[in-house]
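Just so you know, the sequences run in chain order A, B and C.
By our numbering, the letter at position 14 of the first sequence is numbered 14, and the numbering carries on one by one without gaps.
By our numbering, the letter at position 31 of the second sequence is numbered 1031, and the numbering carries on one by one without gaps.
By our numbering, the letter at position 42 of the third sequence is numbered 2042, and the numbering carries on one by one without gaps.
The hints are simulated quantities; they were obtained by calculation from the structure and are not laboratory data.
Keep in mind that a hint or two might mislead.
As the list claims (entries may be wrong) - Label pairs and their calculated CB-CB ranges:
1) C:2339 to B:1114: 30 to 36 Å
2) A:97 to C:2387: 51 to 57 Å
3) C:2132 to B:1078: 47 to 53 Å
4) B:1095 to C:2177: 33 to 39 Å
5) A:43 to C:2136: 46 to 52 Å
Stated by the list, open to error - Taking lysine to aspartate or glutamate and the DMTMM-like style, the derived pairs with C-alpha atoms no more than 25 Å apart in a straight line are:
6) C:2064 to A:35
7) C:2180 to B:1098
8) C:2313 to B:1071
9) A:21 to C:2076
Quantities reported herein were computed from a predicted structural model and do not represent experimental measurements.
No residue lacks a Cβ here, since even glycine has one placed at the ideal position from N, Cα and C.
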Amino acid sequence: MKPDGPIKLLAELRDLQIVDKDDRICGICDDIELEGKPGGPLRIKALLVGPGAYEHRVPRWLFAVVRLVAGRSVTRVPWSSVETVTSRIRLKTTGEAQGLRQVEDRLAGWFGRLPFA
Amino acid sequence: MRVRLLLQGFALTLVLAQPAGAMDDETLLQVRAARSIAAEAAAICDQQTRGAITGTYANEMLRDAADELRDARRKAVTHAPQLIGVISLALRGAEAGDGRALHRASETLFAMEGAHGRAD
Amino acid sequence: MGGLIEITLGIMTAVGGFVDISELVFAAQAGSRFGYALIWVFAFATLGIAVFGEMSGRVAAVAKQPVFNLMRQRLDFGLGLFTLIASVVVCVITCAAEIGGVALMLKLLTGAPYSLLAVLSALALVTVIWVLPFKWIERVFGLLGLLMLVFAVATVNIHPPWHEVARGFIPQAPAGLPAKDLVVFAYFGVAIVSAVLFPYEVYFYSSGGIEEQWGPKDLNINRLTTIVGFGLGSLLALAILINAAVLFRPLHIDPQMPGTAALQAAIPFGRTGLLLALAGMVFAISGAAVETGLSAAYATAQFFGWDWGRYKKPRDAPRFTIAWLATFAVALAIVLTGVKPLQLVEWAVVSSIIVLPLTYLPLLLIANDPKYMGKHVNRRLTNSLGWPFYGLLSVAALAALPLYLLAHGGAL
């Protein structure tokens, strides 16, 4: 499905896995940023990725646990970067170009020093 | 709330269903555990006599059985002193590799289970 | 020809990998305690794992979605996160039970200290996962676990009353049981269902399907592996139950020590039987330790959208790698506190069944959704088995904790 077709925001977009143009996993769409005024059309502005994006979806005490482990960051992925939405959200670019996969890439450098890694 | 009442009713039924003079649950638990360990250790001794198991397996199993029986005797001191004698017999049997003592202890404990023994 | 070899290896791996420490313990105690009366529960549970296993493999092959991706999409986020945390806790406890079980069996083989063997076992398992390709991780333990077939051969050798074994497949409770023993019988029923349907089986199986890049062309392999593989694997568990009924029950043994199960092979076959049984248990339980360790990492990585997979090198899925290393580290720490493997098995089994309904619901929903599955949605037979089974699982989940407490963990 192309991103300019009709989409059910909750059932068909939020919580979908995001992959980049090289098919690498880049996270999950944790929330959606919309733009528009009351009474006017709403448009998707960006996908929000990161623990800070789902903070309001869990009880405070539970998020306190999550924050200890994963932090509170949010990365905005502009809707214009999305190529298709099927059972996964596919980006037009690499994950790094959208500010995604930062932790993965940082840790990969560290792991690269170990044997058989 | 309803579930809690249901559970309490069920537990009460179990208590009322016990015949007079029955063993309490904690004692029955100790009797059953000690009986089985003694029986397992006795079976180990029997198979060792037959040459059906390795020395290492027999030694380790009997050592574990002795540890379990020591634990059981410690618990019996506070909760069920009537079991101390027979558990001590089983413990001596496990420490010495004495199959006959272990069989005797296991049979005694099985008889003590009485009405709570297995339905065959 | 290549396809036939793949199917055969897949089935054999499923057979050898079916029995873990919890099935070993509960099958032996079920047989010694209640004779053949719990055979039908094993058969029933095996049917359940075959149905849900096939479903999870099909969803992996067609929708390309592993279980914990579905969890977020189909459950409320908070509920999904709760399920994740609960599942990870269950996987860690189960992994600890398996590592403890491996160390115990090695101790019986070598006489070396238990704690040392626990550390060495954990290190060996971590090394195997780190170095070996995914397919061979599964196969090494699954195929070597086939040494457990000595239990099945022992069953034939000891000539059980086959008509009574057959009658055991009819749903029943032994006649004339006192109320307390009936509670214990019910607890064993719930525990056996939990042990056979451990969530990690489905997490690992579906994630493995994605790792191996299954597609619709692999649906037949999936069906055969789950139905034939799990079916034959459960026969191993039944062999342990039947052997216990014949050999242990008359001796008043309700195995309190997991190593006692090896006597089932020693009594008919002597030292050779004993060594095959112990070696088989080492590999089968090791396989389960690997599955539980990786399952915790699969669940976490899939829920949070991290790169995951053992097909990738550790540096290409670093957070996933850290997750399974951490699982093994915590599991080993639990073992080294001295808590007995038998106690860990009890906790794993009770906590697991509470989580089961939350695990299997998203699977049932997605498997029925044509948006994800196209023409490969659940057929009528699968749904007519899956939904009633799910209902019964939910009842068992509610009953598990009260039964555990009332039955004193099956020891009463």
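Status of the hints after comparison with the structure:
A hinted range of 30 to 36 Å for the beta carbons of residue 2339 (chain C) and residue 1114 (chain B) is consistent with their spacing of about 32 Å. For residue 97 (chain A) and residue 2387 (chain C), the Cβ-Cβ distance of about 45 Å falls outside the hinted range of 51 to 57 Å, so the restraint is violated. Here the CB-CB span from residue 2132 (chain C) to residue 1078 (chain B) is close to 51 Å, well matched to the stated 47 to 53 Å. One distance hint, 33 to 39 Å for the beta-carbon pair residue 1095 (chain B) and residue 2177 (chain C), holds here, with the actual separation near 36 Å.
One distance hint, 46 to 52 Å for the beta-carbon pair residue 43 (chain A) and residue 2136 (chain C), holds here, with the actual separation near 50 Å. Distance hint between residue 2064 (chain C) and residue 35 (chain A) is unfulfilled; the C-alpha atoms sit about 32 Å from each other, more than 25 Å. Note on residue 2180 (chain C) and residue 1098 (chain B): the hinted pairing is violated, with a Cα-Cα distance of about 34 Å set against a maximum of 25 Å. Using a Cα cut-off of 25 Å, the hinted pair residue 2313 (chain C) and residue 1071 (chain B) is violated, with the two alpha carbons roughly 47 Å apart.
Restraint check: the Cα-Cα separation between residue 21 (chain A) and residue 2076 (chain C) comes to about 29 Å, which exceeds 25 Å; the hinted pair is violated.
Hints 2, 6, 7, 8 and 9 from the earlier list are contradicted by this structure; the remaining hints agree with it.
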